[in-house]
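Undergrad: What follows is each chain in one-letter form.
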Amino acid sequence: MASTVLKVEGIEKSFGGVRALKGVSLEIRAGEIHCLAGENGSGKSTLIKVISGAHEPDAGWIEIGGRRLTRLSPIEAISHGVQVIYQDFSIFPNLTVMENLALNMELMDKRAFMNYRRARAIAARAVSQIGFDIDLDERVENFSVADRQLIAICRALLQDSKLIIMDEPTSALTKKEVKALFSVIKDLQSRGISILFVSHKLDEVFEISERYTILRSGENVAMGSTDELDRSAFAFHMTGREFSEESYRPAGPRGDPILSVKGLSRRGCYSGISFDLAPGEILGITGLLGSGRTELVETLFGLTRPDSGAVEVRGNRARIRSVKEAIRHGLGYVPSDRLTEGLFLPQTIERNTVIAVLDRLAGGLGLLRRKAVAETTARWIRDLSIATKDPSLPVRTLSGGNQQKVVLARWLANDLSVLILNGPTMGVDIGSKYDIHALMRKLAAEGLAIIIVSDDLPEVLACASRIIVMREGAFVRELDPASTTESVLSELSTGVA
Amino acid sequence: MKKDQNLARLLVMLAVVFALMAALRPGQFVTMANFGSMMRQFPEYGIMAIGISLTMITGGIDLGVVGTANLSAILAAKLLIGAVPRGAPPEQALPFVALAALLALACGLACGAFAGLLISRFKIPAILATLGTQQLYTGIAIGITNGRPQSGLPLLYSNLGNTEFLGLFPLSFLIFLLAALAIGLMLSRARFGTCMYMLGTNPKAAQYAGLGNASILVRTYMLSGLLSSVAGLIMMARANSAKAEYGTPYTLQCVLIAVLGGIDPNGGFGKIAGVTLAVFILQFLSSGLNMFNSISNFYRDVIWGGVLILALVVNSLLARREARLAVRRGARATRA
Numbered sequence: 001m002a003s004t005v006l007k008v009e010g011i012e013k014s015f016g017g018v019r020a021l022k023g024v025s026l027e028i029r030a031g032e033i034h035c036l037a038g039e040n041g042s043g044k045s046t047l048i049k050v051i052s053g054a055h056e057p058d059a060g061w062i063e064i065g066g067r068r069l070t071r072l073s074p075i076e077a078i079s080h081g082v083q084v085i086y087q088d089f090s091i092f093p094n095l096t097v098m099e100n101l102a103l104n105m106e107l108m109d110k111r112a113f114m115n116y117r118r119a120r121a122i123a124a125r126a127v128s129q130i131g132f133d134i135d136l137d138e139r140v141e142n143f144s145v146a147d148r149q150l151i152a153i154c155r156a157l158l159q160d161s162k163l164i165i166m167d168e169p170t171s172a173l174t175k176k177e178v179k180a181l182f183s184v185i186k187d188l189q190s191r192g193i194s195i196l197f198v199s200h201k202l203d204e205v206f207e208i209s210e211r212y213t214i215l216r217s218g219e220n221v222a223m224g225s226t227d228e229l230d231r232s233a234f235a236f237h238m239t240g241r242e243f244s245e246e247s248y249r250p251a252g253p254r255g256d257p258i259l260s261v262k263g264l265s266r267r268g269c270y271s272g273i274s275f276d277l278a279p280g281e282i283l284g285i286t287g288l289l290g291s292g293r294t295e296l297v298e299t300l301f302g303l304t305r306p307d308s309g310a311v312e313v314r315g316n317r318a319r320i321r322s323v324k325e326a327i328r329h330g331l332g333y334v335p336s337d338r339l340t341e342g343l344f345l346p347q348t349i350e351r352n353t354v355i356a357v358l359d360r361l362a363g364g365l366g367l368l369r370r371k372a373v374a375e376t377t378a379r380w381i382r383d384l385s386i387a388t389k390d391p392s393l394p395v396r397t398l399s400g401g402n403q404q405k406v407v408l409a410r411w412l413a414n415d416l417s418v419l420i421l422n423g424p425t426m427g428v429d430i431g432s433k434y435d436i437h438a439l440m441r442k443l444a445a446e447g448l449a450i451i452i453v454s455d456d457l458p459e460v461l462a463c464a465s466r467i468i469v470m471r472e473g474a475f476v477r478e479l480d481p482a483s484t485t486e487s488v489l490s491e492l493s494t495g496v497a
Numbered sequence: 001m002k003k004d005q006n007l008a009r010l011l012v013m014l015a016v017v018f019a020l021m022a023a024l025r026p027g028q029f030v031t032m033a034n035f036g037s038m039m040r041q042f043p044e045y046g047i048m049a050i051g052i053s054l055t056m057i058t059g060g061i062d063l064g065v066v067g068t069a070n071l072s073a074i075l076a077a078k079l080l081i082g083a084v085p086r087g088a089p090p091e092q093a094l095p096f097v098a099l100a101a102l103l104a105l106a107c108g109l110a111c112g113a114f115a116g117l118l119i120s121r122f123k124i125p126a127i128l129a130t131l132g133t134q135q136l137y138t139g140i141a142i143g144i145t146n147g148r149p150q151s152g153l154p155l156l157y158s159n160l161g162n163t164e165f166l167g168l169f170p171l172s173f174l175i176f177l178l179a180a181l182a183i184g185l186m187l188s189r190a191r192f193g194t195c196m197y198m199l200g201t202n203p204k205a206a207q208y209a210g211l212g213n214a215s216i217l218v219r220t221y222m223l224s225g226l227l228s229s230v231a232g233l234i235m236m237a238r239a240n241s242a243k244a245e246y247g248t249p250y251t252l253q254c255v256l257i258a259v260l261g262g263i264d265p266n267g268g269f270g271k272i273a274g275v276t277l278a279v280f281i282l283q284f285l286s287s288g289l290n291m292f293n294s295i296s297n298f299y300r301d302v303i304w305g306g307v308l309i310l311a312l313v314v315n316s317l318l319a320r321r322e323a324r325l326a327v328r329r330g331a332r333a334t335r336a
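Chains C and R are the protein sequences, given in the same order.
To convert, note that position 217 of the first sequence is 217 in the working numbering; the numbers rise steadily by one, no gaps.
To convert, note that position 87 of the second sequence is 87 in the working numbering; the numbers rise steadily by one, no gaps.
These are calculated hints, taken from the structure and not from any lab test.
Treat the numbers as computed from the prediction; the structure is a model and nothing was measured.
Ideal placement from N, C-alpha and C gives every residue a C-beta, glycine not left out.
Treat each hint with caution, since some may be false.
Taking lysine to aspartate or glutamate pairs in the EDC-like style, the calculated list, with each CA pair at most 20 angstroms apart, reads [to be verified]:
id	chain 1	residue 1	chain 2	residue 2
1	C	K179	C	D147
2	R	K123	C	E341
3	C	K7	C	E219
4	C	K389	R	E322
5	R	K204	C	E341
6	C	K186	C	E32
7	C	K22	C	E56
8	C	K201	C	E219
9	C	K49	C	E27
10	R	K204	C	E141
11	R	K204	C	E295
12	C	K162	C	E210
13	C	K175	C	E207
14	C	K389	C	D435
15	C	K186	C	E210
16	R	K204	C	D337
17	C	K201	C	E228
18	R	K204	C	E325
19	C	K175	C	D203
20	C	K162	C	D187
Counterexamples of contact, computed for chain C against chain R with all Cβ distances above 10 angstroms [stated by the list, open to error]:
id	residue
21	P93
22	L103
23	R231
If you anchor each label on the Cβ, the simulated ranges turn out as follows [to be verified]:
id	chain 1	residue 1	chain 2	residue 2	range
24	R	V314	C	A124	47 to 53 angstroms
25	C	D187	R	V314	50 to 56 angstroms
26	C	T340	R	A19	45 to 51 angstroms
27	R	A22	C	T340	47 to 53 angstroms
28	R	Q5	C	D133	51 to 57 angstroms
29	C	A233	R	L317	44 to 50 angstroms
30	R	T163	C	R305	52 to 58 angstroms
31	C	A30	R	L128	52 to 58 angstroms
32	C	F113	R	N297	45 to 51 angstroms
Isolated chain C (complex conformation) (with noise of 0.2 angstroms):
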């Protein structure tokens, strides 16, 4: 039997009257990948917290390097060789990759002046501990979320681990950098590091892990060997519901398209792009960061505008030259970064649902008319199944899937003809993933003309009518969903056969 690099049992931890951990356990062996997955709100935050010395238990006990401990601080943490990467990465945006890198190891060593001949050397072994091209002089905040990222589990790499925690790690990836990062974590392992991988995705959990511990509201549900767990026992597990994977085959279009977009381009993001879209469909469009796929759809939500090439909506010729025109014109946009482009966090649920429908809401002199504003918050809180009681309370005290629920009741409050989505489920829990995923088809069966934008081709595979691939700015295929597979999508977007 292999050592145990850390082990917790019986944690509680309570915040003011809400009971957010009710006695888990979780142990974790020398050099083993360990998923610890569960829904937003289960308590996986919360534990990863205690463990990296952040919050202080209420009960239960951390045994780590031989040491049995009520609570743990987060230099004994790090001294133990515990390190978390974080969702947000903790990274400077405005200075370079390299003074990123190198940053808390000059720190650490009490240096009161950078070398940069050292800091460089720091920060290039940094990097090619994961094969990790990127230039070291670029400011971060230039790069991708995805490089970002990578750069932050550089940075954790400097340090001396025994157990590194990543906390949704794969949130922003594409599918190439997931391999990437995957592979990491083998060789992380086979130095003998051990990882604690969070997640809610259940292919990278039967990808990756080893041995799994699933929590549930705060309690432990399921613990075992990954190769024992077949995909409907994870997705119950965490949900505690049951779902039939039923395959969805999608009405198809009708009648006359919506949107025609033509010869559409714009320097340096896409060139040349048209296609139609006409209402019931789902058109789907996948490809990797940088391959103009969020340029194309923000040009025709007028947040850009195009260097040549027409929109038509419903035949006639769209000059779409801002978001309100677009508006206008019946469309609707689900940004990718719900954070920071969908939802307006501190505000309350009711505002963030009925702020694109005001003028329709307001009476004499530009006056909003209570009621109709509480009955349309009403309706979209009941219709989408939004988890909540109080719809004046702010919209971050909301899950992530409540969140996106918020963000599309925003636009279907409006009168709504092309619907688009970017990265519908990001970061998103399974049910409410489950429950988009239904509200799409509803929606298209409904006659609504919907894009999706996603680099989650599972998603792409069983939502779309059709499946549109980018690569470097252009189209590079359409495909239909029903003949075609995971990989052959992937090999088009990478353009690597």
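Assemble chain R onto chain C, guided by the hints.
TA: Positioned in the frame of chain C, the structure of chain R alone reads:
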């Protein structure tokens, strides 16, 4: 919940300041004369504080309010002095008084629109853009007057400005109440008010929601400019003249009122009711301190600066606590 707590806190502060002054200087503070004098003092800076509050709600600030007020007043004064002969009867002066007021309001709108354009089109941080406009407007005002006060206004103007209703309430006080009510209603109930709060919370999300950020900002600063010009007209009536350097200390005082009144300096939150209470608190303090001979007026800046920093620190601590409570409430509501 948050708003009620904030208003309750301000009411308690108001009561404490009032009780303190009443206890220490009963013969001076609690008199009709003192209340009459206070009602004549605060409307001018109270109205500018409302303007600054609006811009702070959208995530900016307007440091140009005093410059706008003085420039507007000077244009109005120049028109009146030039057009109305000395000793002209009120009937002859009246149309020119109306015209001068309109000119001042138009000047306020234009000054605000210019600041709004700098901020929305050229993406200049509001604090720098309006520091610039303050200097610019004051400079223009000094230029066209050679720095001299513009006096010799028709009698009608100051008579109008100093009218008292029911023998007690000066016109300027009623204008302040009207402005506070109208702006308060706009913020809490109108479509435009909601847009201002949302833009102040997250300009990027506002852009993605199609609110039209540039137009909201320009209109907000125009509103602030309009309120400033109203304040300028009130100052002109009180002083019976206009001058480029009237009311210079009001800028900091108005920021202090906005912050004390619960306007979030990061944008997105705050209510006019709170700002109004803060105006009263500050006026009580200011009038009360005047009654202490041992406290020199030279210490006034120390007191205002100290109160501003204290209010910022307290608000920051309270906001942190509120955020924690909100998360807990949210967790409970989701579970329930």
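Undergrad: A separate judgement is required for each hint: does it hold in the structure or not?
TA: For each hint, the structure was consulted:
no.	hint	in the structure
1	C:K179 <-> C:D147	holds (14 angstroms)
2	R:K123 <-> C:E341	holds (19 angstroms)
3	C:K7 <-> C:E219	holds (16 angstroms)
4	C:K389 <-> R:E322	holds (19 angstroms)
5	R:K204 <-> C:E341	holds (6 angstroms)
6	C:K186 <-> C:E32	holds (10 angstroms)
7	C:K22 <-> C:E56	holds (14 angstroms)
8	C:K201 <-> C:E219	holds (19 angstroms)
9	C:K49 <-> C:E27	holds (16 angstroms)
10	R:K204 <-> C:E141	holds (17 angstroms)
11	R:K204 <-> C:E295	holds (16 angstroms)
12	C:K162 <-> C:E210	holds (17 angstroms)
13	C:K175 <-> C:E207	holds (13 angstroms)
14	C:K389 <-> C:D435	holds (19 angstroms)
15	C:K186 <-> C:E210	holds (11 angstroms)
16	R:K204 <-> C:D337	holds (11 angstroms)
17	C:K201 <-> C:E228	holds (17 angstroms)
18	R:K204 <-> C:E325	holds (17 angstroms)
19	C:K175 <-> C:D203	holds (12 angstroms)
20	C:K162 <-> C:D187	holds (13 angstroms)
21	P93	holds (15 angstroms)
22	L103	holds (27 angstroms)
23	R231	holds (27 angstroms)
24	R:V314 <-> C:A124: 47 to 53 angstroms	holds (49 angstroms)
25	C:D187 <-> R:V314: 50 to 56 angstroms	holds (52 angstroms)
26	C:T340 <-> R:A19: 45 to 51 angstroms	holds (47 angstroms)
27	R:A22 <-> C:T340: 47 to 53 angstroms	holds (50 angstroms)
28	R:Q5 <-> C:D133: 51 to 57 angstroms	holds (54 angstroms)
29	C:A233 <-> R:L317: 44 to 50 angstroms	holds (48 angstroms)
30	R:T163 <-> C:R305: 52 to 58 angstroms	holds (55 angstroms)
31	C:A30 <-> R:L128: 52 to 58 angstroms	holds (57 angstroms)
32	C:F113 <-> R:N297: 45 to 51 angstroms	holds (50 angstroms)
Figure legend: structure checked against the earlier numbered hints; every hint is met.
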